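Starting from the structure of chain A, add chain B where the hints point.
Taken in sequence, the protein lines are chains A and B. Okay, so the first sequence: first residue is 31 according to this note's numbering, each after it adds one. Okay, so the second sequence: first residue is 7 according to this note's numbering, each after it adds one.
Only true hints are included.
Chain B stretches covered by chain A per the calculated footprint, using a threshold of three residues with CB under 8 Å from any CB of chain A:
(1) 248-262
(2) 434-445
(3) 450-456
(4) 472-483
The set of hints was computed from the structure by calculation and includes no laboratory data. Remember, it's a predicted structure, so these values are computed and weren't measured experimentally. Every residue gets a Cβ at the ideal spot worked out from N, C-alpha and C, and that includes glycine.
Here are the chains, one letter per residue:
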Amino acid sequence: MSNIDVKRTAKLFIGGAFPRSESGRTYEAKDKNKNFVANVALASRKDGRDAVVAARSAFAKWSEATAYNRAQVLYRVSEIMQGRREQFVEELSLWSKTKKQAENEVDEAINRMVWFAGWADKVAMVTGSNNPVAGPFFDFSIPEPTGVVAAIAPEDSALLGLVETIASIVVSGNTVIVIASESQPLPSVSLAEVIATSDVPGGVINILTGSYKEIAPWLASHQDVNALDLTGVDKKQIALELEKEAAINLKRVLRPNTKLDGLARIKVFLETKTVWHPRGF
Amino acid sequence: MVFEYAPAPESTKIINLKSNYELFIGGKFVKSKAGSNYKTINPATEEVLSEIVEASEKDVDEAVKAARKAFKSWSKLPGSERGKYLYRLARIIQERSRELAVLESMNNGKPIRESRDIDIPLVAAHFFHYAGWADKLDYAGLGKNPQPLGVAGQIIPWNFPLLMLAWKIAPALAAGNTVVLKPAETTPLTALLFAEICQQAELPDGVVNIITGAGQTGKFLVEHPDVNKVAFTGSTEVGRLIAQTVAGTNKKVTLELGGKAANIVFDDAAMDQAVEGVVNGIFFNQGHVCCAGSRLLLQESISDEFLNLLYERMKTLRLGDPLDKNTDIGAINSAAQLAKIKELTNAGKSEGAEMWSAPCEIPTKGFWFAPTVFTNVSLSHRIAREEIFGPVLSVLTFRTPDEAIEKANNTPFGLSAGIWTEKGSRILEVAHRLRAGVVWANTFNKFDPTSPFGGYKESGYGREGGRHGLEAYLKAGK
Numbered sequence: 031m032s033n034i035d036v037k038r039t040a041k042l043f044i045g046g047a048f049p050r051s052e053s054g055r056t057y058e059a060k061d062k063n064k065n066f067v068a069n070v071a072l073a074s075r076k077d078g079r080d081a082v083v084a085a086r087s088a089f090a091k092w093s094e095a096t097a098y099n100r101a102q103v104l105y106r107v108s109e110i111m112q113g114r115r116e117q118f119v120e121e122l123s124l125w126s127k128t129k130k131q132a133e134n135e136v137d138e139a140i141n142r143m144v145w146f147a148g149w150a151d152k153v154a155m156v157t158g159s160n161n162p163v164a165g166p167f168f169d170f171s172i173p174e175p176t177g178v179v180a181a182i183a184p185e186d187s188a189l190l191g192l193v194e195t196i197a198s199i200v201v202s203g204n205t206v207i208v209i210a211s212e213s214q215p216l217p218s219v220s221l222a223e224v225i226a227t228s229d230v231p232g233g234v235i236n237i238l239t240g241s242y243k244e245i246a247p248w249l250a251s252h253q254d255v256n257a258l259d260l261t262g263v264d265k266k267q268i269a270l271e272l273e274k275e276a277a278i279n280l281k282r283v284l285r286p287n288t289k290l291d292g293l294a295r296i297k298v299f300l301e302t303k304t305v306w307h308p309r310g311f
Numbered sequence: 007m008v009f010e011y012a013p014a015p016e017s018t019k020i021i022n023l024k025s026n027y028e029l030f031i032g033g034k035f036v037k038s039k040a041g042s043n044y045k046t047i048n049p050a051t052e053e054v055l056s057e058i059v060e061a062s063e064k065d066v067d068e069a070v071k072a073a074r075k076a077f078k079s080w081s082k083l084p085g086s087e088r089g090k091y092l093y094r095l096a097r098i099i100q101e102r103s104r105e106l107a108v109l110e111s112m113n114n115g116k117p118i119r120e121s122r123d124i125d126i127p128l129v130a131a132h133f134f135h136y137a138g139w140a141d142k143l144d145y146a147g148l149g150k151n152p153q154p155l156g157v158a159g160q161i162i163p164w165n166f167p168l169l170m171l172a173w174k175i176a177p178a179l180a181a182g183n184t185v186v187l188k189p190a191e192t193t194p195l196t197a198l199l200f201a202e203i204c205q206q207a208e209l210p211d212g213v214v215n216i217i218t219g220a221g222q223t224g225k226f227l228v229e230h231p232d233v234n235k236v237a238f239t240g241s242t243e244v245g246r247l248i249a250q251t252v253a254g255t256n257k258k259v260t261l262e263l264g265g266k267a268a269n270i271v272f273d274d275a276a277m278d279q280a281v282e283g284v285v286n287g288i289f290f291n292q293g294h295v296c297c298a299g300s301r302l303l304l305q306e307s308i309s310d311e312f313l314n315l316l317y318e319r320m321k322t323l324r325l326g327d328p329l330d331k332n333t334d335i336g337a338i339n340s341a342a343q344l345a346k347i348k349e350l351t352n353a354g355k356s357e358g359a360e361m362w363s364a365p366c367e368i369p370t371k372g373f374w375f376a377p378t379v380f381t382n383v384s385l386s387h388r389i390a391r392e393e394i395f396g397p398v399l400s401v402l403t404f405r406t407p408d409e410a411i412e413k414a415n416n417t418p419f420g421l422s423a424g425i426w427t428e429k430g431s432r433i434l435e436v437a438h439r440l441r442a443g444v445v446w447a448n449t450f451n452k453f454d455p456t457s458p459f460g461g462y463k464e465s466g467y468g469r470e471g472g473r474h475g476l477e478a479y480l481k482a483g484k
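So that you can see chain A by itself, here it is in the shape it has in the complex:
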């Protein structure tokens, strides 16, 4: 007698939990041959707002964590990703031209996570400064996380692009709500499961599946979101409208097609704080 597979329900990842969309909606994900793959949660406006609440409540603790701690937590994510390598390859292969391509992307994604993890305790050294002001003062500038970031991950780089998006935002202490690739959602669901078992505090990383066209406007105009990453927005007109919405509370905006990566990407989501104190007895 053959064993029947236990299929996984693809759900959202909000506040460290795996809820279905509060709307009860799902959509059918299809592979590159248009075959049915899974019913995936179709996130709603309300799910987006719930994710913002979760991200905001996680911000204080995550931004206060030591850089060493954040580095270890993100490194831990890469460890668990490695353990799930075959699963990621299998999922990416549903959409990639060859299995080799999928393998390369998974390996690269794991490496990228390790690379970003190492930045946690170096960002302040590289982007901060001690300012030689013309007077008897000690004056320094340090980077701080900007707060809650809403991000639209690339559509066609379902794991690597997602890892780059998430890691570059949270490594400095921000929390994130990320909308994953709509057409290739399974790697994001697996990454959520990795994150849930990697000591990342609940709410630091929130992953929504569904249509950014539907959810992003609500995040762009949300008063409790501090920055907006539009990297995955592939329609000019939508990017323009989202950037306009973001002006409501002067969100920091990363436009699409900037091709920023690495440290330049981390810096988009940083504030600089300058502190002055007089010298003297």
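Here is chain B on its own, set in the frame of chain A:
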């Protein structure tokens, strides 16, 4: 004890004002194509100083064209050569500093003591600092061979006219950009004098273009399709409009907007120093300071004692002729600003706060507002939430450090903050938890070209000053 002072006015003979000014485009003063004229005044006397052009869309286009043309050669000039021009500008500003200071006080209303000792020296220092960056851009933190953005459209406010010009123009030029700068409607004169200084320095034509006008002129500049970078200092309201206007373009933007800074005094603070710091925090430049310490947060146990000291100190503030060397509080910059201050202080009274103003004689001509303190203020009052941009202090109290931080951060702004305590660990913890771009501990309202300045949240984005300020005018190398 009351000190009587004899008048000690700075002479205005050094100023050689023209009866009207044209636009500075392509290295020359040129007639406006279609703009109208308006009069710029001395806010302390309401006397007309000169007639100024309100630049039209056509004028803005001419200025952008001149800047674009100049960009081709300016951006290719070796950094060391660009640097030498900037050093020249710094030196001429130092040479003509008295003239610039007097003119700044005449057109803005700020005390000569401030324009002479703070504004103009910082202007020269800013050009000098960025002059040295021009040939060291590889060390700006953007990798090898970073590139200028192109033509920068820059719009500055009236509170520190020439200093804001320096903050905008110096890093832009050092990085190899060319600029079109619009000074504020009410304070164009030192910018036009700076245009003459550019001529004296033999700065290549079109590298700096100065166009005068009001909001509409600024709008033309922001919207111009051949502008690559928009830098704005001003209100959060206008900053929001600019952010919307540039949406969907490739224009890089930096915004330095409003503030409602908390100045937190703990019970162990050195009282006399803290009183001086609070006075300097809110009454410096008549409170026309985006980073002014406009919300005083007093620990409850010292509240009465501190307020008494503050009132006594405020009674000695001298309000009057900005050109008098003994003046502490000058004129409000315009009738419109005075009306705004009055509207908000009236709201303060009607919402139940208690108003106290320093007893001082108000001159019969010009725009003036006595240094004022509101007590019994609650966080929901308009005077605790909105930027007054005048010599008006709102006092709140707190019991614990947590409460102070909570109240300090309870604002959509995040530009600056102050901390007064003798305890080092408390300074560092409070500084760490305040969501503000500049934190002054046991000091306030200090500025330096090497020290990055700019806000969190709705106080804008980007930094001015130091290496960080350079990043606003560069993109990563190819």
